Amino acid sequence: MEVCPFEGITMEGGQVEFTDACRLCRVCIKACPTGAIWLEQSDAGPILERDKYKDVLIFAEQRQGRIQPVTYELIGKGLELARCLGQEVIVFLAGRDLKAQAHELLLYGVSRVYLYEHKALEHFRIEPYTSLIVDLVNDTLPNILLMGATPVGRSLAPRVAARLRTGLTADCTSLSVKENGDLVQTRPAFGGDVMAQIITPRHRPQMATVRHKVMASAPRLAEPKGEVKECAVDESKLKSGIAVLKFEPYQITTSISDAEIVVAGGRGVGRPEGLKLLEQLAVEVGGALGVTRPLVEQGWADYTMQIGMSGRTIRPRLYIGCGISGAIQHVAGMRGAEAIFAINSDPNAPIFDIAHYGLVGDMYEIVPHLIAMIREGDDPNGVFQLS
Amino acid sequence: MHFVVCIKQVPEGTEVEIDEEKGILKREGVESKLNVYDTYALEAAVALKEEFGGSVTVISMGPPQAEAVIRESYMLGADEGYLLSDRVFAGADTLATSYTLASAIRQLSDADIIFCGMQTTDGDTAQVGPGIAELLGLPHASYVKRLCTLEADAIILETDMGDGIESLKIELPCLLTVTNEINQPRLPSFRLKQGTKNRPVTIWDHQALVGAKQGYFGLDGSPTQVERIFPPPKSQEQVIWQGTPFELSQRMCAKLRELKYI
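Heads up: the sequence lines are chains A and B, in that order. Per my numbering, the first sequence runs over residues 27 to 413. Per my numbering, the second sequence runs over residues 17 to 278.
All the given hints hold, so there is nothing to weed out.
Now the stretches of chain B that chain A is said to cover, found in silico as 3 or more residues with beta-carbon under 8 Å:
| id | stretch |
| --- | --- |
| 1 | 103 to 111 |
| 2 | 147 to 158 |
| 3 | 164 to 178 |
| 4 | 182 to 191 |
| 5 | 237 to 248 |
| 6 | 262 to 274 |
Here are the computed lysine-lysine pairs in the BS3-like style, where the Cα-Cα straight-line distance is at most 30 Å:
| id | chain 1 | residue 1 | chain 2 | residue 2 |
| --- | --- | --- | --- | --- |
| 7 | A | Lys78 | A | Lys251 |
| 8 | A | Lys125 | A | Lys239 |
| 9 | B | Lys229 | A | Lys78 |
| 10 | B | Lys161 | A | Lys263 |
| 11 | A | Lys239 | B | Lys276 |
| 12 | A | Lys255 | A | Lys125 |
| 13 | A | Lys239 | A | Lys302 |
| 14 | A | Lys145 | A | Lys255 |
| 15 | B | Lys161 | A | Lys239 |
| 16 | A | Lys265 | B | Lys161 |
| 17 | A | Lys204 | A | Lys80 |
| 18 | B | Lys185 | A | Lys145 |
| 19 | B | Lys65 | A | Lys272 |
| 20 | B | Lys49 | B | Lys161 |
| 21 | B | Lys276 | A | Lys302 |
| 22 | A | Lys272 | A | Lys145 |
| 23 | B | Lys271 | A | Lys302 |
Think of the hints as simulated: they come from the structure by calculation, not from any bench. Values in this document were obtained by computation on a predicted structure and should not be read as measured data. Here a beta-carbon is modelled for each residue, glycine too, at the ideal position from N, C-alpha and C.
Please work from the sequences and hints to get the whole structure.
Here you go:
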């Protein structure tokens with residue numbers, strides 16, 4: 027009963043009962059010393075012929091003709107996975123006038139770029155993109171299919187997975203392969219309290235999305251490798267119920283994903299004025315302000331400022347977290363920071379498990395001093411005047 | 017027009033207790049609530065109903081206690097609610113969830129626009145909405161941040177593409193997943209709470225979903241499997257400072273200087 031993370035097992039009158047809280051996570055089955063718990067599962071679907079599927083297919087995302095940087099990160103991870111299995115990395119690229127971009131992709135070590143060019147593919151539209159990728163999957167039978175967890179990837183991947191009836195794991199923080207070709211996908215799960223390893227043992231391709239800045243980019247080679255295969259686009263695949271009327275790019279890209287220094291506030295901020303204080307600190311250190319999910323849900327901050335699984339992933343040089351407990355949901359989006367400072371009044375807060383420098387105290391008492399000290403610069407007398 | 021909104025009951029908080037000895041995490045006293053992004057989806061549907069007429073149906077898949085979120089949506093303006101509840105549905109991943117919800121929406125047969133929140137706050141995958149659209153063969157748009165014009169057979173809207181705003185015209189019927197920028201959800205109405213006290217919530221089990229394949233539900237219909245769960249890894253080099261706020265600020269300021277951040 028204690029091993030269940032969801033309180034899904036109860037004992038009544040000496041009888042063990044599984045309640046509706048049971049999430050079928052199977053932790054209890056592994057923990058049971060006598061093997062008394064098991065799960066009846068029908069053998070739905072045919073047995074998988076693993077040998078039929080090989081190579082890692084990458085969806086190369088382009089926006090206004092520019093290959094999105096997450097693509098190179100997916101190629102980096104894809105090459106690593108393919109190497110483990112003695113396989114190759116192949117790429118899907120669709121759009122208009124993309125020959126130069128396709129050849130550029132060859133400089134990152136991929137074996138083949140399947141290029142689909144048509145004026146109707148210039149803008150991302152869900153139905154044609156889904157149809158073309160599904161066709162390529164059926165022709166090439168890849169073992170793994172990776173996409174960026176961008177707005178486009180997060181819209182496209184579930185449709186492709188549903189049409190192929192295969193497994194898809196969102197926002198993986200780590201990917202590795204077993205000898206038999208099974209992809210081990212790790213991501214925060216069940217609301218972000220735990221990490222889960224997820225596999226897709228009976229379906230192919232094994233699909234996963236990965237956010238920008240989570241994996242390391244593939245190095246650019248001096249000489250291209252592989253080939254570009256120009257694919258004919260079947261007009262019947264271009265049918266769509268969607269017309270793109272216009273696209274207006276955001277003018278300023280002060281995205282927290284790009285900031286070198288990030289000051290972040292969490293639930294411990296307690297009141298909206300606290301964010302003003304943190305904003306001042308952010309200004310002093312020349313950084314951007316970010317928040318955790320509860321603050322967005324409170325309506326105190328826009329979700330574009332949200333750091334974590336359901337927000338942005340950041341990899342700044344410096345991260346200062348204030349009043350942040352350190353739920354995985356948030357940590358997954360910032361653990362790549364080079365230096366992590368955390369201010370929290372609860373010495374047992376999990377943020378201190380991952381912080382490099384932890385300050386146990388009230389941010390409302392610490393941050394004003396900090397702002398003053400940074401402002402005073404090298405003049406130590408200025409600092410002491412405060413107290 | 018008939019607007020259908022897919023909603024989910026999610027855990028309230030993410031506070032957990034870690035059992036270091038056994039290496040497991042335990043949720044304490046989990047409260048449940050309506051997924052916050054679904055409140056924006058529901059508001060979008062109710063606002064369209066108020067302006068153009070029609071009805072709003074909410075659908076949720078979950079255990080019997082998820083009836084609470086259907087009741088809550090009645091207080092927010094929904095007219096009818098269906099709860100898909102069956103042990104057979106348990107253990108569903110995003111594909112099996114999409115399949116179950118899509119089967120129910122197909123059964124309703126006349127949805128013009130299906131609204132979903134852009135993601136849930138417990139799974140964060142954003143996969144179920146697009147999955148439903150695929151299984152119903154409908155066009156969809158994710159991250160819709162503004163509805164502009166509703167026509168008889170299409171809707172014009174704006175989506176947040178991360179790098180800019182895209183204006184789209186989508187044929188009906190279609191599915192839209194919405195962000196929290198799309199509107200300001202109303203508060204539950206006391207009058208509606210009283211008025212809908214006796215309104216039924218229809219419970220559908222797998223047998224109610226005519227023509228659906230049982231092997232596609234729940235755990236059996238889920239290609240992904242959770243192999244192992246574990247607490248998050250800790251990072252290596254760490255210092256914890258204690259002291260007065262002033263001392264702490266001094267130490268941090270000195271360290272930031274030493275590391276050349278300021």
